[in-house]
Amino acid sequence: MKVYLDNGATTQVDEKVVKKMLPYFTEKYGNASSLHSFGQQAKLDLDEARNLFRKKLNADKIIFTSGGSESDNLAIKGIAYKKGKGHIITSKIEHHAVEESCKSLEKQGFQVTYLDVDKEGLVNPKDVEKAIRKDTILVTIIAANNEIGTIQDIEEIGKICKEKNIIFHTDAVQAFTKVPIDMKKMNINLVSISAHKIHGPKGIGALAIYNAEIKRLIDGGPQEFELRAGTENIPGIIGLAEAVKITNDKDVKQMEKLRDKLIEGIFKKIDNVKLNGSRKKRLCNNINLCFKGIEGEAIGAHLDAKGIASSSGSACSSKSLKPSHVLKAIGLSDADANGCLRLTLSKYTTEKEIDYVLDNLEGIIKFLRRISPYGL
Amino acid sequence: MAYNEMYSKELIRRFRNPKNYGEIKNADGIGKVGNKTCGDVMWLFIKVKKDKIEKIKFKTFGCPAAISVSDMVCDLAKGKTINEAKKITNKLIAEKLQGLPKLKYHCSLLGEQALHKAIEDYKKKNGR
Chain A
756 MKVYLDNGAT TQVDEKVVKK MLPYFTEKYG NASSLHSFGQ QAKLDLDEAR
806 NLFRKKLNAD KIIFTSGGSE SDNLAIKGIA YKKGKGHIIT SKIEHHAVEE
856 SCKSLEKQGF QVTYLDVDKE GLVNPKDVEK AIRKDTILVT IIAANNEIGT
906 IQDIEEIGKI CKEKNIIFHT DAVQAFTKVP IDMKKMNINL VSISAHKIHG
956 PKGIGALAIY NAEIKRLIDG GPQEFELRAG TENIPGIIGL AEAVKITNDK
1006 DVKQMEKLRD KLIEGIFKKI DNVKLNGSRK KRLCNNINLC FKGIEGEAIG
1056 AHLDAKGIAS SSGSACSSKS LKPSHVLKAI GLSDADANGC LRLTLSKYTT
1106 EKEIDYVLDN LEGIIKFLRR ISPYGL
Chain B
-14 MAYNEMYSKE LIRRFRNPKN YGEIKNADGI GKVGNKTCGD VMWLFIKVKK
36 DKIEKIKFKT FGCPAAISVS DMVCDLAKGK TINEAKKITN KLIAEKLQGL
86 PKLKYHCSLL GEQALHKAIE DYKKKNGR
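Residue numbers (my numbering), protein chains in the order written: chain A, 756 to 1131; chain B, -14 to 113.
Just so you know, not all the hints are guaranteed correct.
Label pairs and their computed distance ranges (CB to CB) [to be verified]:
| id | chain 1 | residue 1 | chain 2 | residue 2 | range |
| --- | --- | --- | --- | --- | --- |
| 1 | B | 17 | A | 1026 | 19 to 27 angstroms |
| 2 | B | 63 | A | 958 | 50 to 58 angstroms |
| 3 | B | 83 | A | 1110 | 31 to 39 angstroms |
| 4 | B | 110 | A | 1011 | 54 to 62 angstroms |
| 5 | A | 780 | B | 4 | 50 to 58 angstroms |
| 6 | A | 881 | B | 4 | 53 to 61 angstroms |
| 7 | B | 77 | A | 864 | 46 to 54 angstroms |
For the chain B half of the interface with chain A, some residues (derived, Cβ under 8 angstroms), not all of them [as the list claims (entries may be wrong)]:
| id | residue |
| --- | --- |
| 8 | 3 |
| 9 | 26 |
| 10 | 28 |
| 11 | 49 |
As a list, the in silico BS3-like pairs of lysine-lysine whose alpha-carbon atoms are at most 25 angstroms apart [stated by the list, open to error]:
| id | chain 1 | residue 1 | chain 2 | residue 2 |
| --- | --- | --- | --- | --- |
| 12 | A | 1077 | B | 17 |
| 13 | B | 32 | B | 65 |
| 14 | A | 837 | A | 919 |
| 15 | A | 1061 | B | -6 |
| 16 | B | 44 | B | 109 |
| 17 | B | 17 | A | 1121 |
| 18 | B | 63 | B | 4 |
| 19 | B | 21 | A | 1029 |
| 20 | A | 1077 | B | 87 |
| 21 | A | 1047 | B | 10 |
If you are wondering where the hints come from, they were derived from the structure by calculation, not from laboratory data.
Only a predicted model underlies this, so the values are computations on that prediction, with no experimental measurement involved.
Every residue gets a Cβ at the ideal spot worked out from N, C-alpha and C, and that includes glycine.
With the rest of the complex left out, here is chain B (with noise of 0.2 angstroms):
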């Protein structure tokens, strides 16, 4: 299948250029998700003021597909509530991206499974 064709405009645009990989140093939660039997691993870091999730990056190893949730999910969760940023669903990222392939529905599952354990770490970390 060729990639123009599998994957959205927005997807291929993401993935291309993608705004918010990168690692937080002293990042208030983290989380980390995938395996690299499938070939994706999601490692998401968020810095966390007044509630409000103030950073968020990413450092993926994944297809392009993998690499578009990362950017998209980092996008959509900044600036968010924690309780906001707990209702971003695999469906809405996928939805931001313009669908995804079937095949790569699972990259969409990482993103929002990612966001969760970083908020996870985050509270756990703070006494939440």
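The following block holds chain A by itself, in its conformation from the complex (with noise of 0.2 angstroms):
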């Protein structure tokens, strides 16, 4: 049997989405900057694309990116060039793409405070408050996070933000379409969102901005409304749309359901292991499990012997040879966070298959704390 629990790291891509983007290869293959009717087309096919997402994130604009790490830059260094100067806020436990972006604008004089987290991973809107300083130019808080999947409190950030008149950006790539986000309501400012995590194409995502001014970082054509040059990727865009108009309430239901279930089957067979992040407030389709005395990546080794994909936060497996950041943020010692399995669900994953998981998971973790020193 082959499960593929590693939905945090790609999806599948459905066949409705594959369908929808073909003939913008063939037949609709027009630059929507051409005059012509083939151009034009794509121009339409574009404008109605984006106006989905527009009406969806409620955002006055879109702008198509090449997933999200390029939208998390474009959001950050997009407002610091365009102030010039100035402090950022931003957490712990960020994705790479916006950890990154926050040191390479600290060496070029930015000054940024890393906020620290609670146990579960979550930030505390009042420390956000605490941080903001009359240079404070960006706050930039992940919506839910890509490895122990605690979903943050953005509405109480946002509105910290307004009423300090501070931008605030949120990394969506793992939130959006199964968290509610609404750009007006929740004065959130940047958007990140990415396709391929929600069972669209690799290589497309976009950046929704709401009432922000931000500077390009890719120069060239105007396309994008002068924000990111370069012809635009309809096929993706569309594919993206498509993914989008395809998501329901009850997938993420049903992918709760599933969640728990797992969650739940786990603790009855093994003992010595903690779910790390938050019960409550967690992605519905995240387990992040610190199983005791022993080692990720081994754990993740024999899963794929039976055909089950997952993925550990382990040093051993990072080019670093350092346990996750994000783990170390909530508190995990170094020998628990390398001992972390990620097992991430999709609208695909079915019940045999968790099943199949919880029959198989316990024999593993047996095995491995036998042959190891701090076995259990």
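These two chains come separately, so use the hints to put the complex back together.
Here is the structure:
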């Protein structure tokens, strides 16, 4: 049996999405900047997709990008370069695209505050308020964490930012379509999204803008309101739009149900295991567990042998040989952080697959603990 | 990277089915190496009879490479004299495992270090 539980990394593209995209390669292949009928058809469809996102997020502008990382870079550096100098507030559990953008700006003379999170991975909105200075230009906090699935109180943070008149960006790559986002209502100025986490194609994403001005990073033609040069990736944009159109609450509920079944099943069968992140404020498809006394990559490799795809935050599988910064930020020891396993579901995950994982995981954990010096 | 692309057949075989794990009660020498930060900790236990490593077992907290290295170093040292065993290097361990990914080179070093430490421990205990 093959079971894919690494949907936090990427997802299977929905066949409906592929079908919608195909004509844009061979028939409707015009450049949206061209004035002839081919180009105007592309322009029409591009505008329609853009409107869909504007309405969905309640934004005033949608800039299509190559994905989540580019959107994060464009949002953070776009604001910083527009303002020229100043102070940025972020958290210690951001995606690398946000973390590294902030670090890069620090080297260029901007100041950055990295807020602590509590043991569930939650940023306290009061800490955001306290960190705000006279020269603060941007607050950027991830909407739902990619490793531990913790959903932040972005509405409260948005409220604070609005009161203080500070731009608020959120990386919603994992949260989008799983957690409601209304930019006007929640006072969010910039939202990063990506297609391939929601059964869309890779290489396409967007930055939604509401009441904010950014400086573009890619110079060239006047595409995307002169905020991102380059011929639009129309097939990708159509795919992203279709992926969003077919999302529904039923899928979210189903993922939640199976997520809970898997968590409860693991706790029933296996001792000395801890759920990382929040039990309640948690993405519908995320499970992150710490198995005491054993290493995450070893669990992953045994699961892979059984056809089950997972991921781990262990040091040994990272190039830096350091455990995940997110797991460290929620207070895990190095040993515990190295023993973590992430299982992320999708709308395609079935109850049978969950049972199969439950049947196999117990034996793997037992075996690895038997050969571990810290075996329990 | 896929596990089966990253690791050799021999490494995966050993990782899935290690033979030499366990603890030796009243071991003549114990070598403990590694640290929890990088995620690998290796303990080696040896039983020595007439200058020969008669029994050797491991307990390892770590990734597939670390576990396979542990199992391999046990096989390589078993039946060897102390002097012969001291000549086992990380290079030999990696070679016998049909190679290790660059990122996992440190795991082979742990194997060598654990064995040498266990031998040192044995010598100290026996006043040699």
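Q) For this structure, which hints from the list above don't hold up? A) Failing hints: none at all.
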